[in-house]
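Those protein sequence lines, which keep their order, are chains P and B. So for the first sequence, our numbering puts the first residue at 3; every next one is plus one. So for the second sequence, our numbering puts the first residue at 8; every next one is plus one.
Hints may be right or wrong, so weigh each one.
[Unchecked claim] Below are the SDA-like pairs computed for lysine to any residue, each with C-alpha atoms no more than 25 Å apart in a straight line:
1. P:26 with B:21
2. P:65 with P:103
3. P:32 with B:20
4. B:41 with P:33
5. P:231 with B:31
Calculated directly from the structure, the hints in this document are not laboratory data.
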Amino acid sequence: MASDGDPIIYAGAGFFGGLYLFYKGFTWLKLKKLIENMPTSKVRAIAMGLVEVYGEVVPYEKKLLKSPLLDKDCVYYSYSIQEERGSGKHRHWVTLKSGREMVHFYLKDNTGEVLVDPEGATVDMKADLNVTSSLGKDPPAAVMQALKRMKLSHDGFLGMNKTMRYTEYLVEPKDKLYILGVAGDNPFVEDTKGQKNEEDIMIQKGKHGDIYYLSDRNEKELLKSLKWKSIGGVIGGAVLSLFCLTLIIAYFGLW
Amino acid sequence: MIGIVMIILLVVILFVVGLAGYIFAIYNSLVRLKNDINKALGNIDVLLKQRYDELPKLINSVKGYMKHEKSLLTDITKARSIYSSAGNDIHKKAQADNMMTGALKTLFAVSENYPQLKANENFMQLQGRISGIENELADRREFYNDSVNTFNIRIQSIPDVIIARMLGYTAQEMFKAAGEEKKDVKVEF
Numbered sequence: 003m004a005s006d007g008d009p010i011i012y013a014g015a016g017f018f019g020g021l022y023l024f025y026k027g028f029t030w031l032k033l034k035k036l037i038e039n040m041p042t043s044k045v046r047a048i049a050m051g052l053v054e055v056y057g058e059v060v061p062y063e064k065k066l067l068k069s070p071l072l073d074k075d076c077v078y079y080s081y082s083i084q085e086e087r088g089s090g091k092h093r094h095w096v097t098l099k100s101g102r103e104m105v106h107f108y109l110k111d112n113t114g115e116v117l118v119d120p121e122g123a124t125v126d127m128k129a130d131l132n133v134t135s136s137l138g139k140d141p142p143a144a145v146m147q148a149l150k151r152m153k154l155s156h157d158g159f160l161g162m163n164k165t166m167r168y169t170e171y172l173v174e175p176k177d178k179l180y181i182l183g184v185a186g187d188n189p190f191v192e193d194t195k196g197q198k199n200e201e202d203i204m205i206q207k208g209k210h211g212d213i214y215y216l217s218d219r220n221e222k223e224l225l226k227s228l229k230w231k232s233i234g235g236v237i238g239g240a241v242l243s244l245f246c247l248t249l250i251i252a253y254f255g256l257w
Numbered sequence: 008m009i010g011i012v013m014i015i016l017l018v019v020i021l022f023v024v025g026l027a028g029y030i031f032a033i034y035n036s037l038v039r040l041k042n043d044i045n046k047a048l049g050n051i052d053v054l055l056k057q058r059y060d061e062l063p064k065l066i067n068s069v070k071g072y073m074k075h076e077k078s079l080l081t082d083i084t085k086a087r088s089i090y091s092s093a094g095n096d097i098h099k100k101a102q103a104d105n106m107m108t109g110a111l112k113t114l115f116a117v118s119e120n121y122p123q124l125k126a127n128e129n130f131m132q133l134q135g136r137i138s139g140i141e142n143e144l145a146d147r148r149e150f151y152n153d154s155v156n157t158f159n160i161r162i163q164s165i166p167d168v169i170i171a172r173m174l175g176y177t178a179q180e181m182f183k184a185a186g187e188e189k190k191d192v193k194v195e196f
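Generate the whole structure from the sequences, applying the supplied hints.
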């Protein structure tokens, strides 16, 4: 019987993980091809269906959220507070609190602005906050305030800092955003009542499982990152599963 | 021995799956690109139709004032009839569109000489609407040409060219600006 720390368990997990990574590499390749082939639409000339737009975030009817950790005005946030527990091989991160919230917003370019409903989107962002606190290292002041509001503490045994990790992703007004999503009917405007074409439209998640992708990177950066992800996924996944299979074979002496 | 066979088998499976996945990705993206071109052309058509629907109203509102600009109004009517008979011919559509854009530009410029017309609220509204459509049209033409350009590059690149040939895909025509529109504008004082 394989025990908890048995290398065969890790090799088995690595084998299937590698196969998953191999598959994931192709989904990244598919996304890369889609982004590459899709010309960016000007907001003024958006047509119904899958569109790619790039512009600046503007709040919709002044609706804004307050981010839990950095306490900043935003239209989207996701955050997590994690604590490191255990020791040695059993060291792991436990999520104490996490959340994600969003409101509608406009995306504005030099030709107009279009409403966006971010619900259901895959949000690919650089973290606005990614810090840890540990022995002798306090979290930033804003995070300390947030912990107080949430009735959490970074103090551990004898008042020493616990090892904790704080992450927050934000979309703030005036942020530049790349969106690949479906332009559909704007439910807040009666059909054809909009003065301009884009007023009748809202970018949203498609009803047929279409891709919905939001990123704070521009198209060039996005393609570069997807290129390396897909190459890494396909090649890395194949190498990992082969390596792990070799370990499994060696373990069972099947040479 | 079984181990070596298993490893070779996995290498072959990963290679075949990888190759098939890559070919499917190329095939699907080429089919999507081709359909996107048709969709982009359809989106231009929607706006062209909207613009042509506004024309009878525009001609009615100006003909009382611009009796001396008969040839201009004839050009607009002629462009409209070319568009109606164009069907799916992209070249003819582009020709009608360019002719209409030119005629409308001249009409709006000439309207400056008719103060009574400029004071007509109906005309001003129509002018605003048609100018709005013109701007959207310019963006959609650009979008269409971007789609065509991407498609034309892809079907000539390796390895996409192999699948494109199997599908019988050929280079698509751009929505071109007329020669007149590309000429420098002479400004006389």
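Right, here's what the structure says about each hint:
no.	hint	result
1	P:26 with B:21	holds (13 Å)
2	P:65 with P:103	holds (13 Å)
3	P:32 with B:20	holds (20 Å)
4	B:41 with P:33	holds (17 Å)
5	P:231 with B:31	holds (19 Å)
Figure legend: structure checked against the earlier numbered hints; every hint is met.
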